[in-house]
Structure formats: C-alpha cells, structure tokens
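Here is what each chain is made of, one letter per residue.
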Amino acid sequence: MLTAVAIAVDGLGFAAWLFLSSVGLTLIYGVMRILNIAHGGFYALGAYTAAWAVGLYTQTGSTIALTYLIIPLAALVAGVVSGLLVERGILRFMYGRDEVLMVLVTYAIFLILEDVTKLIWGTDSYVSYQPAYWLGTIDVFGLPYTVYKFLIIAVAIAVGAALYVTLNHTRVGKLLLVVIEDREVSKALGINVTLFFTVTFVIGATLGALGGALTAPEISVVPGIGAEIIVMAFAVIVIGGMGSIGGAMLGALIVGFSRAAFVHLYPPAELFSIYLVMAAVLAVKPYGLFALAESRKI
Amino acid sequence: MASANKGARARAARSSRNILMAATALGLAASFVAAGSAQAQEEPVKIGLVTFLSGGAAGPFGVPARNAAELVIGAINAGSLPAPYDSAGFAGRQIETIFVDENSKQKNADFQKLVEKDGVDMVLGYISSSSCKAIAPEAEKAEKLTILFDCGTPQIFEEIVTDPKYTFRTGAHATMDNVAAARYLVDTGVKTGSYAGINQNYAFGQDSWRDFSASMAQVDGEATIATEQFPKIYAGQYGSEISALLTSKPDVIHSSFWGGDMEAFVIQGSARGVFERSKVVLTTGETAMHRLGAQMPDGTVIGARGPHGDLAPESDLNDWFRKAYFDRFGTLPTYPSYKMAQALLGVKAAADKAGSADQDAVIGALKGLEWEGPSGKVSMALANGHQAIQGTAYGTYKFDKETGKAALVDVVRYDAECVNPPAGMNSIDWIESGFEGAKCE
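Those sequence lines, one after another, are chains U and Y. Taking UniProt numbering as reference, the numbering of the first sequence is continuous, increasing by one, and the terminal residue is 298. Taking UniProt numbering as reference, the numbering of the second sequence is continuous, increasing by one, and the terminal residue is 441.
Please note: incorrect hints may appear among the correct ones.
In silico DSS-like cross-links for lysine-lysine, where the CA-CA straight-line distance does not exceed 25 Å [to be verified]:
hint : chain 1 : residue 1 : chain 2 : residue 2
1    : Y       : K323      : Y       : K398
2    : Y       : K141      : Y       : K367
3    : U       : K118      : Y       : K105
4    : Y       : K249      : Y       : K232
5    : U       : K118      : Y       : K232
6    : Y       : K279      : Y       : K401
Hints were generated in silico from the structure; no laboratory data involved.
Using the sequences and the hints, build the whole thing.
Quick look at the structure:
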C-alpha cells in the first residue's frame, strides 16, 4: 500500500517536472516546426539565473517568501532576453530551411549557451535550497514529501491549463492554430506569421527557463544540466506526439509513473525504463500518441 | 550561498593575478633568451594534463585538480616546494603543460593527438572511471607513460590492463574507500542491521556498491540489504529513490554519488528526513562539505577517497599545500587537488631518483616507488608496482553554527594494508576471503 502511494506521488511529482521542462520544446515544434535543441540552454539559463538571484537575495536575510516571486521573475528575464536574442539574432534568418538543418542550428546555439552560462557563472555549483525547505514537508501515509514538490505539481497543472485555454478559447490562440495548420494560407489571410513566430519562440524559451528556475532549489545547479534535460524532454514529447501540448502532458505522466514504478519495484531497470516506454509507444503509434495529422500538399 | 559573491571576487582576483603571472613569465622568458643560459637549452618536459574543464564534473573535480596542477608545477619549476622536493624541475628539467578537457566525446582521439601531434613526454590525468577504462589500453598501445591520478574503478589493472607497462595510477582505487567505510561504521558503533545503496549507474557507482556490500557482509554477517538504487548519472531528481529509501527503512545508506548529484541528493534527502532516519555514508562527501555548510546534516559519515583535504594528517608539505592553494584560489584544496599534487610529486620523486625525466627512467623508478604526498605516504604496491595504495580515513560531519565552519569529528585512520588488497589478489576476492592478510591496528 505504502509503495503504491509512493509510486503515485513520486510519479506525479516527476511528471510535473518533466512536463514543465518539455512543454516549451513541444510548443516551439508545434508552431514553428523547429526541434529546438537550444531548449536545454534556456533551461540551464533559467536555473542559473534563479539560483544566483535567490542566493543573492537570501544573503540579505530577508523573508524567504519573496523567493517565490524571484523564481518566476528570474525565468522571465532569462527566457525573454535569451529567447529574443536567439530568435531575432539568428533563427529569423533561417526560417523555411530544412528541419534537419534547424536541428543543427539550434544545437550550435545550445553549445554557445552552454559556454555563456560557464562564462557568467563559472564551473562551481550554485545551491539555492531555501525555497524548497521553507515550506516544510507534509506526510502522505507516513512518507514525508516537501510542500515545494506539490507546488511544482500545481504550477505544472496551471501552465498546462493556461496553454490549453489560450490556444482553444482565445482569438490569439485560434489564430495560432491556423498558423500551425498552414503558414502560407495564414499569411494570405493577413495574419502576421513572423510576429507569431517571435512570440511563440520567446514563450517557449521562457517556459524552458521556468522549468530550470523551478528546479533550481531542489538541485545543485552545475554545468551540463541543460544537456541532460534535452534528452528527457525529447523522449517525453516524442511519446506524446511532437507539437502537442496534451501529448507532452500525457508523455510526462507515462514516463513519470513508469520511472517511479521501476524505482520502487525493480530498481536495476530504472535507467532503461524511459526508453522501454518510448519503444513500446512508438511501436504502436510511430508518430507518438497525439501526433498532429499532416495534410499532404501537392 | 555566500559562494556567488565570493566566487566572483575570487575569479576577478584570479584573472588579474593571471595577467600578472603571464607578464612575469614573459619577463622571465625574455631574460632567459637574453642570457642564453644553459637551462634554456635543456628541453622542458611536456605533460598533457587531462581533467574536466566543462560539464558537471568540472566544478567539484576538474577545476580543483587543474588549479593544483598549476600551483604545484609552478612551485616545482621554481624549486620552491618544501624538502625533499625543493630542487627545481623533474630531475632539473622544467615542466611545460598542455591542458585538455576530459569532457569530450572523443577521449581516445584527444589522447592520440597529445601523443602524436603535440609530442608530450607523458599524459597525466583522468577523473572518470569510464575515461580510465578507455585510456589505459590506449596508453599501452601507444607506449606512452600515462599517469591516472584520480579515477576509482578497481577494474583498471584487475580486468582492463592486467600487465601494465606504461600506465600507472597514483591514487588508491575505490575498493579502499568502501572497505574503510564499512569498517568505520562498525568501529564507531553504528547500527548496521540493514543497509541500502544509492549509486550512479556506471563503473564507479556499481563497483563502489559491490565492494561496500561485500565488505558489509564480512564486517556484519547478519546485516541485510534494504534496497539498491542505481539512478542514471547526472539524473538530479531523486524523489522516487528517496521514497524507496524511506519506505525500506535502512539503518545505513551508502552513496558514492559525487558532484552535483551528491549535492542534489543531500538537498532533497535532508529535506525529507532521510539523514535523520538513517546513517548516511558519502564516500566523496569531502568535496562538498565546505560549500554545503549547514545544509549537510550533522552526523553524515564523510570520506575523501584517501586521507585528503580535511582528513589529511599534519605535515610541512600539507601545510604548504593548503596555505599556497588558499592564498592563490581563495578556497581550501579538496581531494581532487590533493590527488593531482600526489601524482605530480610521485613523478618528480621518480625522475629525481632516476636522475632523468626520460620516459624509461621515470617508468623504472616509479614502479614500486614510495613517496610522501601532501596527505602522507603513497606506495605503488599493486599491479606489479603500477597501482598505488595508501592509508585512508573517515570522519563524521559536524557544522559549527557559531563560527559557520564545517569540520569532521570522530576521525578514524586506517593503514594502507588494512583497507587495500595485497599484491596479486583481486579486490572482490580479497573482500570475500574475509580481508585475508589485512593488517589493521
């Protein structure tokens, strides 16, 4: 019983983190058809900015409560600044190129961002645990969990819901769906596709940075965290269907629960669990669970 | 997180110091050329130094090791080390370095480039067990003197290169860390009825757990394993593993986690009471204790993969090393720095003994050599004189809130022959034989 509860809570917690870390990747792919490897760079930038800002702030000895404001603000600054620089400075000159070429371009940007973080923050680790500790723990059937973990679950649900509502129930969202469906027709209808691209990329980058910023208090922020996340995020969105927000959510849940189940029931196979799930899903649905239907153009 | 500002200040101070040093070096070089001195005619010894300069292992290991290399090589070249290392150079020859990042997808090609294109006299480096597993056979093939200074897996000379000629490892392998950890628990009266492990899923983590669990079976035959967790290296998120550790209620938890993974585990585990419910042993904990400060829970058993850092015994050499390192880099040296210094001093001792820094002379003298490092005596006792053993120590963590300083208490020291297998015997066979022939005081 305790193990079942632990699998449920651990799985949900891990899924929330996975969703927050991968939703930006799937959003950008869905709208722009760019598999943005630089996503890992945005994640790392968010994590470093948040850890650094929280560290500076807590040195002043003021209340920890404000750090919950500092974290999203750090993500916003990191995401908007770097997202705008990358999109306006590089990507806009590359639109319309082959998808594979764009993977290489964003990979190059990722490598640059890795060095930028190293240039700014060095190779030492940054630890900003205060926000994760301050809220304390709650016992679930005698098993202590940090309240911060539940906060991350709540933020993941809120981000998912906000994206769903924006896409399906607002004018901007509906226009964006048209852009996703057909760029040429959208342009012909007078939709400013370039602006949509810029805004989408900046939002995607900010979501990546938010994933990193929210994770920072739970981890030690070190060089290389961006490379780790890109592999996980890619697996999640492939399982869910690239470009689908709902797919990312479902992919995160499947990976989260299966990993938690392996850790509790058969730990030696934990390393393999994510790939097992991915292989099983792709064997049945080669384009992922919620893949967008592609209309063939002649 | 005092490290942010302090780090920035230290970096700024370092860069201005680097400029100053570069200027001094240029000045010195110019004066050498002008004088046309005899020293300038003797070719310097060229060393390829390979450590992590990027990626997750750079901060805790690679950079402290590189810093130590710069410090010690500078002092060797200047002849400013305490005795018996107070003569300049390797047998009189100055040292030149080429630094290479170990965080590379093509480690073998990088090694070959050092040997063939850069023409180094020796390669010294390698922190990751995976790197050493790849490089040791390469070094033998290339017939190039290669000193492994840090990596832990006992497989190197027990399985990978069983008859080494050119490869040496100047630090003890991970068997020592885990045998000593098990002994420490028993010696300090820790309840060991059940124990669990959380180790990274690669050579170092797997071997560490193998040796620790085999040692526990010897020191407490009735102890049972509660759970064995092997998360991916650099996973960072250990929520499920921590729940598994909490639900299986072990008395002792063993972890050879290092770097960011260890710090993340400490943060997530201590928030959820893991360190209160179980005695946690961190075999590489020393690298993070000063940085984590109050965040590392009191009572945690801390190792340094040898008697390094805070566990190093007092000596003139150790005093010099700690002071010089702190003065130059603004932090105290941790075990990777000690192990780098130990490796360089081993080569210097060998070259000075042979009276030559040529490859064959150094190899001949380094085989079976004994020398003093900043953390005490090192003996090349295993693998036909190619693998070092040394004594080790463990301590229990205690943070002083008033002074804000971290310290290790209840330190227990172990002789080299107590925690290392004898020559000619594989680590696991030795442990399973009940530590046959171990000499413990």
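Outcome of the hint check:
1. In summary, the hint linking Y:K323 to Y:K398 is supported, as the alpha carbons are separated by about 23 Å, within the 25 Å threshold.
2. Simply put, Y:K141 and Y:K367 have alpha-carbon atoms about 19 Å apart, close enough for the 25 Å limit, and the pair holds.
3. About 19 Å separates the Cα atoms of U:K118 and Y:K105, which keeps this hinted pair within 25 Å; it holds.
4. Taking the CA atoms of Y:K249 and Y:K232, the gap is about 23 Å. The hint holds against a cut of 25 Å.
5. Between the alpha carbons of U:K118 and Y:K232 the distance comes to roughly 23 Å, so the proposed pair stays at or under 25 Å and holds.
6. Note on Y:K279 and Y:K401: the hinted pairing holds, with a Cα-Cα distance of about 21 Å set against a maximum of 25 Å.
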